[in-house]
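Protein chains: 2
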Amino acid sequence: MGGDHGPPVVVPSLALAAQALPGVRFLLHGDEARLKPELDRHPAARAVSEVRHTDKFIASEEKPAQAMRRGKGSSLWNAVESLRDGEAQACVSAGNTGALMAISKLILRMGADLERPAIVASWPTMKGVTAVLDVGANIESDAAQLVEFAIMGAAFHHAVHGSARPTVGLLNVGSEDQKGHEEVREANRILRETPLDFDYRGFVEGTDIAYGTVDVVVTDGFTGNVALKTAEGLARFFSNEIKTTLTSSPLALLGALIASGALKKMRARLDPGRVNGGPLLGLNGIVVKSHGGADARGFASAIRVATDLARSDFTAEIDRNLKRLTAVSPIDGTPKAEAGDAAGRSPESHGAAE
Amino acid sequence: MGGDHGPPVVVPSLALAAQALPGVRFLLHGDEARLKPELDRHPAARAVSEVRHTDKFIASEEKPAQAMRRGKGSSLWNAVESLRDGEAQACVSAGNTGALMAISKLILRMGADLERPAIVASWPTMKGVTAVLDVGANIESDAAQLVEFAIMGAAFHHAVHGSARPTVGLLNVGSEDQKGHEEVREANRILRETPLDFDYRGFVEGTDIAYGTVDVVVTDGFTGNVALKTAEGLARFFSNEIKTTLTSSPLALLGALIASGALKKMRARLDPGRVNGGPLLGLNGIVVKSHGGADARGFASAIRVATDLARSDFTAEIDRNLKRLTAVSPIDGTPKAEAGDAAGRSPESHGAAE
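Chains as they are written, first to last, in numbering that gives the first Met the number 0: chain A, 0 to 353; chain B, 0 to 353.
Treat the hints as calculated values from the structure; they're not laboratory data. Accuracy of the hints is not assured; some may be wrong.
Remember, identical chains collapse to one label, so a pair may be satisfied in a single copy or spanning two.
[Stated by the list, open to error] Below 30 angstroms or equal to it, Euclidean Cα-Cα: the simulated DSBU-like pairs (lysine-lysine) are:
no., residue 1, residue 2
1, 178, 71
2, 242, 263
3, 55, 35
4, 35, 71
Let the sequences and hints guide you as you build the complete structure.
Here is the structure:
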């Protein structure tokens, strides 16, 4: 029921997904009266779907705390619950990001030994796709959490974007080891000292994201959210400028008409928001957020991300690396679960940002 | 002597500046043997310049601490010193940013009642130019420092970009007052409660930078540096993509040739690194950093920024607002100079980022 369009986008996307991902079946949580006509129109979607009716849903402007208190029985809530109960292996939603994060944390809880969830963005770059995380699940992150993000991000890139041994960088204001604040310097030290299933390359800078210098860029949720939205704003600015420029004179317009096919393809490639499907990593279950404005192809791409994760070795890979971490480098000698508390942070104070 | 090119770019830029800014004169600190031939080639520059010879200079890769210890007598050092001694009213350098910041802080010290310097970037947007600060002078900023950045950024936008009453926003992961970490929430409160010479608009998000929602975007130096470099990377990616796209087929190439004039103009407008001249605000004196790779026109644009600041009411405007701030809202009841120390930060630990 989520997103700007609801069933008229979600149902056709299932038909696309069914074709691309043989063997995948869907539990559709939502209003049967709105889902059924769409399913009748798309028999390929109907053939792989089962509707779980509810007429309750969470509005896009609802606050996460409100959604947690009042969301029980809503389509979003039921979808996450079906994941916890083992009826589904992954959950995809185009709904309210804050509510999805809050309800998922409440129902699924964190995966073994992980402290904090992270939202990962798949960012188009000069070389392919770079996973950037966290882009908004948290507003502050200590060294231990940044290290966890590196582990989760590498497992994600491996599972979804197919790199055999992902390269990972930590976002900073310079590349030398002594640069940056204490959290990034400590995370850098731990990642350098621990033998992990990925290739840690040290600090990277903002420019390195678009250059595709590494497969995974790790940062705190505040910085990651600002970087992602700054890039989204700039991409839209570019897109407007192209339109204005290419209609600025009859000659430019003629050139634009002739090159229009190529220009259209380029615009689709450039917006960091366009590679759809941002998983909430770190939970006991696979939850993928689709852009609210995604079309059927976009929503199908979020389904592909969820399927790739569900069919991969993702969770085992994270566990394996977490164990190496604890074996080699216990942070401050305290168990990891306490490190966050010691910094005086309560989990409740970290809202999700969309 | 600084930047990728040195005298062959700096000297011709003086000829351009002399024409655009009547009455401005220059003290050129550097190697006379390299400056003289350039001045002979550009009589318009020679007419307004005086050379102060030194054959010592700071290399681009030199660390700030090293530059402070060994920089005495270098061209950069002497330029800043001539500012302190009242021989010059502003200093422009295309040299090593970290060294420029460190030496300027050492020689000039902070302006009255200000805690920390900030580097400001003039960012092209859909509506004009937005000043973003801090983009790298600090790596962490508390609420009091963010408020100072707002005051300095507004005075800068007024002096250099001509807005009568600048609009100011605080960068965050959402627009509601309860969003974000403690530092931004506290700074938001102070800015809302104090009557200042600018129009404070509350929180803005990353997308708002390129949209030009406000004239001044305030953030800590870590986030600002990452945002600026992320945008620079994306701008370069975008520029490459245009080239690749428009040569991808004979038809696209034809379109590109026809529209090339308009496309070239657009590219020049888009790169956030192209509006040249990033002042180091907050010091007892006007110091402007030019991009190392700037050409003569770019360096002349940094000279214009320095001149606009020197000829404006900039410092008085900052003082006026700082006084209102202390009158209305003393932070934590402690004098501002101590607030930074209370957080356990030492000025030495904050390196500059380029």
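Each hint tested on the structure:
1. 178 with 71: Between. Shortest inter-copy distance 25 angstroms satisfies the 30 angstroms Cα cut-off; intra-copy 46 angstroms does not.
2. 242 with 263: Both, since 11 angstroms and 14 angstroms are each at most 30 angstroms.
3. 55 with 35: Intra 16 angstroms, inter 79 angstroms, cutoff 30 angstroms: intra-copy only.
4. 35 with 71: within (23 angstroms within a copy, 79 angstroms between copies)
Of the numbered hints listed earlier, not one is contradicted by the structure.
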